[in-house]
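Chemist: Going down the list, the sequences are from chains W and H.
Quick note on my numbering: the first sequence kicks off at 65 and runs consecutively.
Quick note on my numbering: the second sequence kicks off at 1232 and runs consecutively.
All clues given are correct.
Here are the simulated lysine to any residue pairs, SDA-like style, with alpha carbons at most 25 Å apart:
hint, chain 1, residue 1, chain 2, residue 2
1, H, Lys-1472, W, Leu-316
2, H, Lys-1472, W, Pro-238
3, H, Lys-1472, W, Arg-247
4, W, Lys-169, W, Thr-154
5, H, Lys-1398, H, Ala-1254
6, W, Lys-190, H, Lys-1472
If you are wondering where the hints come from, they were derived from the structure by calculation, not from laboratory data.
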Amino acid sequence: MPTKHLTPEILNKLRLEAVRLRLDGHTVAETAARTGLSAPTVSAAWKAFREGGWDAVAVRQRGRRAGQAASLDAAARQALETALATLPPTGEPAWSSRGLAEALKGQGHRVSPRAIDHWLERRDLKPEPLALNGLARRRSQLGRWYRQQLAPVLAQVKQTGGAVWQGGARTPPPDSGLAEEPRRYQLYLHGKRGALFTRVLAAPPLADDYLALFERLLATTQVPVALIFRGADLQAAPAVGDWLSQHPEMRLVMMPAGLPA
Amino acid sequence: MTSLTHLQKLEAESIQIMREVVAETENPVMLYSVGKDSAVMLHLARKAFAPSPPPFPLLHVDTRWKFRAMYEFRDRMAEETGMDLIVHINPEGVEKDINPFTHGSAIHTDVMKTEGLKQALDHYGFDAAFGGARRDEEKSRAKERIFSFRTAQHRWDPKNQRPELWKLFNTRKHKGESIRVFPLSNWTELDIWQYIYLQNIPIVPLYYSAERPVVERDGALIMVDDERMPLEPGEVPMMRKVRFRTLGCYPLTGAIESEADTLPAIIQEMLLTNTSERQGRVIDHDSSASMEKKKAEGYF
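Use the sequences and the hints to build the structure in full.
Modeler: Listed below in structure tokens is the structure:
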């Protein structure tokens, strides 16, 4: 019987029962059959008993105890929000969790990148990249878009040793869920293995914000880039069009509206 | 005796009003704004006079600034119903290139809608015009009668309206007077949506949520429907999941952020909302009591 779904209390009762049965002379197989535990679990409980007595039979509590999670204090949260509105001094296209952790460390806040990841996730600031695997075979609008528009660009960029990034602009829902709260505007990129780089602005991003993102992306990667982008009508911005025509090493592929994320 | 549902009662009332107008007036017309209320009104008119097409034309007072999807839908519906479609654009407005950006929403509405409507009614000599206004839309509409009489100059006097007790309508006109008739007066926005759902009435796709390019103007989400929309320096429209609760000229109509892309989802959203659909119309914020003022001057 798989024990993962059992609560620690029930699992511990069964482990104690297994030890009692073993003490009564039942084999591992018989004990496993009678308690519903797996043979390795019965053996592990028996071994723990032999090495540490009855007290050692119970499994340790899973995960962190309540209240032990690394939490961000108000000052750290404020520092994060301030930083996210700016461009990172490191030259990265936008803020990564690691970059934010470093920046906060410089201001005296010791916060791990993982804690920042969780904070971003809680605030709905961690959009997921589009899973490109398998799109070529899909018989949907998304599949057609991939085959007809994206695949040729990806092939060209890969031929020149380039990189594939994804990104977009979005308006996450307000923190509190109240519509009256000021809107937030997120610019983001997904790099290798889906690593997130993001900025969060108080006003809709302007052409300069997009261009700063693109310029830094090219500077960071140092190779041609195919950027799959969504959430903005960049064709309506002449400045972006001009910049793209001057930077053929950046191939921008807009995701059509209405496609699922 | 079977009792009617509230929608059936509203339907019966609207159909009776339409038949009454056709019986009592000489040259009626249906104002067709291409929105959801117009869609319901057109559907009711077709029911009222089936199997023939309704015995009056459709009149669209165009401003040249409606959403592209509305024009496509309008032409499709005119073809499907077999009704005559009269499209009137104020030629003086065209000559002066009146538009919402350089002239502002008030002048644009006055010239292209109010004056345009008056011109069309005079030109074709219509003595009764059906409109899809509802009482729950706006306070000045709430007090307007179903049969709303207009002077020869198309002016409305809110303090001089005829009683409509027991749904008895006095359709007698003085010389030169015309009537604006509102068969959907007693419907609510929710009724409209429920009826559209139950009767499977086609509507402009803009009512359904989809990703659309929008910019923010004074807190309103304005869709960039064509290249005529002037953008601020450096401004980039964002693609956001929005829909429209009301449709008008696209630069003057605010979208709402919504996930409702089906009729049941829209109805569910309606049940939870506590704001008027016209909150999204820029023209309604021009000045206090602006709608009543516009209506007194002849606005639909």
